[in-house]
Amino acid sequence: MLSRTADNLFWIARSIERAETAARLLEVGSRISLLPSIHGYRSEWDSLLQASGTAVAFGKKYGDPVQRNIESFLFFDRDNPSSVASCITTARENARIVRTALTTQVWDALNTAFQELRELERTPRSQLELSVLTEWTMRHAAMLRGTIDATLLRNDGWDFLNLGCFLERSDNTARLMDVKYYVLLPKVDYVGTGVDTYQWTTLLRAMSAHRAFHWAYGGEVTAGKIAHFLILNPQCPRSLITCMQGVNLHLDRLARNYSKTTPAQEKARNLMAGLAELRVDDIFEEGLHEFLSRFIRETASLGAVVHDTYLSGDLR
Amino acid sequence: MYHKDAVRPPYARLEDWMRAMPAELRQMKQAEAEALFRRIGITFAVYGEGGDPDRLIPFDMFPRVFTATEWARLERGIKQRARALNAFLVDVYGRGEIVRAGRIPGRLVYLNEAYEKTVVGFVPPKGVYSHIVGIDLVRTGPDDFFVLEDNCRTPSGVSYMLENREIMMRMFPDLFRENRIEPVDSYPEKLRRTLASVAPAKCNHEPTVVILTPGHFNSAYYEHSFLADLMGVELVEGQDLFVEGEFVFMRTTEGPRRVDVIYRRVDDAFIDPLCFRPDSMLGVPGLMDVYRSGGVSICSAPGAGVADDKAVYTYVPEMIRFYLGEEPILKNVPTWQCAKEDDLKYVQEHMAELVVKEVHGSGGYGMLVGPASTKDQVAAFRERVLADPHNYIAQPTLALSTTPTFVAEGIAPRHVDLRPYCLVGEGVELVPGGLTRVALKDGSLVVNSSQGGGVKDTWVLAE
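Quick mapping for you: the protein sequence lines, in order, are chains A and B.
In terms of our numbering, the first sequence opens at residue 1 and continues consecutively.
In terms of our numbering, the second sequence opens at residue 1 and continues consecutively.
None of these hints come from the bench; they were simulated from the model.
These figures come from a predicted structure and were not determined experimentally.
For glycine and all other residues, C-beta sits at the position ideal for the given N, C-alpha and C.
Distance ranges between label pairs, derived from CB positions: (1) B:Val120 with A:Thr104: 43 to 49 Å; (2) B:Ala380 with A:Ser312: 49 to 55 Å; (3) B:Asp442 with A:Gln127: 38 to 44 Å; (4) B:Ala31 with A:Val132: 23 to 29 Å.
Okay, chain B solo, but in the shape it has when bound (with noise of 0.2 Å):
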């Protein structure tokens, strides 16, 4: 909010609201957006913690600014960087051109986990794998903006994003009057029509998609009913659905009804237990040969996983130039790979310093966050790297900017990230908007939900 001690220019109408609110409001406003989140039923369950099913995630009232100019960057690097991932992921799984150009290694792509042997050679429909692609950024500076991170199979949160603008509007209209701020809710449409686009060859009708969810237990259950609420789809499960011939079919009330387009929120290995996972109830069996014959669309197509790796993140600045011809908007955070030896070496050295991560991890899982641990965490940590170094990348800690955020004391300022989804279909779009995730407690750099973090209303202003 602040920059050399001024006020930034976006942020001024804002000050003056937040002075001018008495802690009594404030207090009776947050519970306010607290009644409304659970009347709404808008939760968010922890895996493993045996907690309350219904946790709420911390909502924070002070909203993220961005003016218009800042956004329009932003917009055109998320772009660039969403194209370049998709035609990284169509080369992949075709003739490979990167890996014989030697731009990128091959070990990381071919021997990846995430590698699907299955699809290669399929393209999929308009050549798009990842469909909604959600990459999470840091500023560290007025123009700086760092990509900490791709999402190229389901990125979730969206629902946040719409709910948070939502409840602000309610409670807080006059700040809505005041401020010319970007609306966000066209997004299900945009993702309505973005899945449309991409139906089979085989379709030759009004296209009929779903979002395809493990189930109520899982925990962005919420999301996927909020979107196909909003979308007019149906939300099936794998038990819901059946292959036929050529074709996906779901069990309705009427009989079978042909499905096109799958949305699913279900990871790759649980999607048909005929192809992956043999033992998995989340899926449909046969799932796959239809999709390969073009009688259905999965969206993420499988495979898509291979482009949101951390160790093949480093080299996304590489795809842009390779793919598109363009320099990248965006940067990458510095990124030691441990698999390399004189990386490993810098990383044993300064591990105090740095952020080192799984490869695969996710959701602040199997991360250490050096200058926030103690010197036993660090060494244990050290170990781990050590026995398997290829599954750690490490990032310097960087100067995060910071939002200020409502706290027990007042306001302070809380690091703060943003995850903006960008929708690839037959065109390439983006809402004005995105999820800010904020670290709610003192000096934290971890924004996960799952690691007490919360969530606020980002705003873009209008020109």
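Chain A with its partners taken away, still in its complex shape (with noise of 0.2 Å):
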């Protein structure tokens, strides 16, 4: 397969993926401010941005955190690179490119969702509820996601959807978790209150994952759980060790495949097998804020081993 077709289809995964987590962005942050603010100085809204690493960009164009600002940057503005409009619509071009690596119905999920977008946009802000926005933001990914389960030949070109949708789902797991870190940090006396639990359960709604919790833990939320749920469970769908799962056995497949092991393989062995000894207790211990950032960058780093094997072209 050509390199750049490669890239394209990493990125096309990767972009909707990125589209999908800023609207759970919103559900979390929209949940959040539905809770009388008993911080005092910090906006629940600033965690969003700081989590997304969208903070400095925002600042420069809108000021304050304002909800409604928010909205515009995370969901329609395409200077925002990561924002629901810019990523489906480079999803949708990098879908063009490689329109013959597609099969019909995924280009027509993509296209569909590209050309509903444009009549969003179109659509007066007053008529859109967020509610709207981020459930319509979730159903096109759900969509296309199984149109490529369900018509997309199992090839290398599969493969490089799922390492682009894995490596950035597990990013993006890791960037909400972090919100609820931001929203925290002012007091660390809430931890065990009413308030506490009201923000992780809204952490697991807006993962889709209330439910899910509940089936695996029973009925208490605690810090501890959760955070057991959403790094360690192989259970969990959006959990880091499941998306390094997911990392694995595609970079395992291209390697059979193509006969021929290379760098990825083996940092993405270390990686798994580094979260695969880890007990909740050692996440606290080195602060689940300092071992999410240790994360996003080892999985930032594996992204460019990735792309410099085998989305660059110049391998020899």
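From the two separate chains plus the hints, produce the assembled complex.
Printed below as a string of structure tokens:
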């Protein structure tokens, strides 16, 4: 497969996953903001921007984090490369370039999302509830994944799509958890209070994992259980360890099909091994925020290795 | 469709179909067709208009029909022309016998912008310079076909030929049951075989064929990816290829892979910055060296453009006689060359009756349709011609045949032309069909999609 084609496929999946995260971030933000603020000086909305790594860009353009502006920024703003609109446009443009590597159904799913996005952009904002926007995004992301799953040939193109998806998702789960850190930072005293529980629950809801969490752990919601669920539990579809399993699976398939291992496999295996040995206590000992930041850095460097090995075309 | 007020036989069944279709159904079908085109992503961007990059080309549901006999004659004529054009190309990059024999002025050949000095003396595999010859034809009477133009470089539009058929079959399956219509869907396979048949001398394995595109901003990108898809070959951009040693390679996820045949949809000037335009980002540095040493084949071959010039066009019947010793089956439109003094005088005096074109123009740009122009437009164009007569030719506006076409008010005759695609490799072949372009504006003779023209399905009926 052409390296450029593989690169486009990889980024289609990453962009859509990223669009979904932007929508989930908005969901978390709006739910948290429904709770009366008890922190005094810190806006919960600000935490979204911090976690998505776009706080500086937002501040330059809009100033104070007001809900409406954050909605614009995370959903519609083309100047923000991580906004839902930017990500869907990028994914669709990438898909147009590699139209030949996709089935009609996959193309259709992306193209429909893009056409509907243009409709949304023309609709007066007063007529668009935030929940409509977030649900719309998740529905289209799900549709795209469904068509990929149901119709695409299981060749290397499929592996690159999935690699993009899992790498991006692990990064996003880590960032979403980090929102929690930013919200809680002001006072450690809140840990274990009703506010704390409400926020953790909100996070779970935003990740569509609320019910799943209860299935896995029973009634009580604690920081330790949630951290375990979102980081270390291979049953959770968005957990870091599940994502790393996915990355390893698809890298191994590539190594087998190409009869050649590369530094990417080694790097991914090391990351996986590190997670497998971890206990929740270790994570809290290191500090949740510190752990998540380190994880985000490591997945980014794995992404760079995947790029150098398969996507840049410089492999000889 | 009509001749002397009677319905021509091949259209007899279609006339009933057309009359029986209520207006609402027609509108519904038209909307359905448009939705299909949009969903599949068949779009046509027009350069420099800054409009919708996803513009649809108008599709007319009324097919154009040829009988088997009509087609057989056309096919012979097209193949004859394609062979002569290739013989001409090999000759003018070789000994130039046609020029020495005084059958075509050397100036037209050797001073032509499209004449590539870098390939002088080079004979491409199987002696083929132009592998896909698109010949634009118009009909003026039952047996009168005229060639408007030859396209020897990268004729586009073949995806419409295939997609128009696909959409018609989906929308009107009954029509296909009732009429015996020759299929066109073998085109991609024939194209692939043609390209593989001209693999370079140094290729000692199953040749790897690729399509080279300028990229997804190009107006014909859809067509490039469509053909790559149907042929099962890679669609590459310049950045995907590199030269190392004697060969060309593409960058893949498994490392470099050798490329043997490049069907390029990029102009000569852009394919190798070391050889042609140094500012080109679309090409591959060093490609021409590999080409000339037999490490890769380029289709169409660089330099093929010298044969499809509008001034050279007037000499194609002469080429057919000179190289093949045959009489041309298809006629040329009588053409005045403004470079000749007598012709220029005539053109000046009759400009309002003529179609005047730039020699290197295409896409309906840089031309004057005399009868459809105002006095001022004619006068302005006259100035342009006088300033540079070498750059212009003129032709009469022929009484072009029309085909019934669905328009807002119902059905009306509209002017059409036809572009069949002739493949030249080890053999010479074409599928029974082509692209029919239709001038949607009443009275208009300009069918180019960039000028508001549309397309329709082209049928060749089986015996």
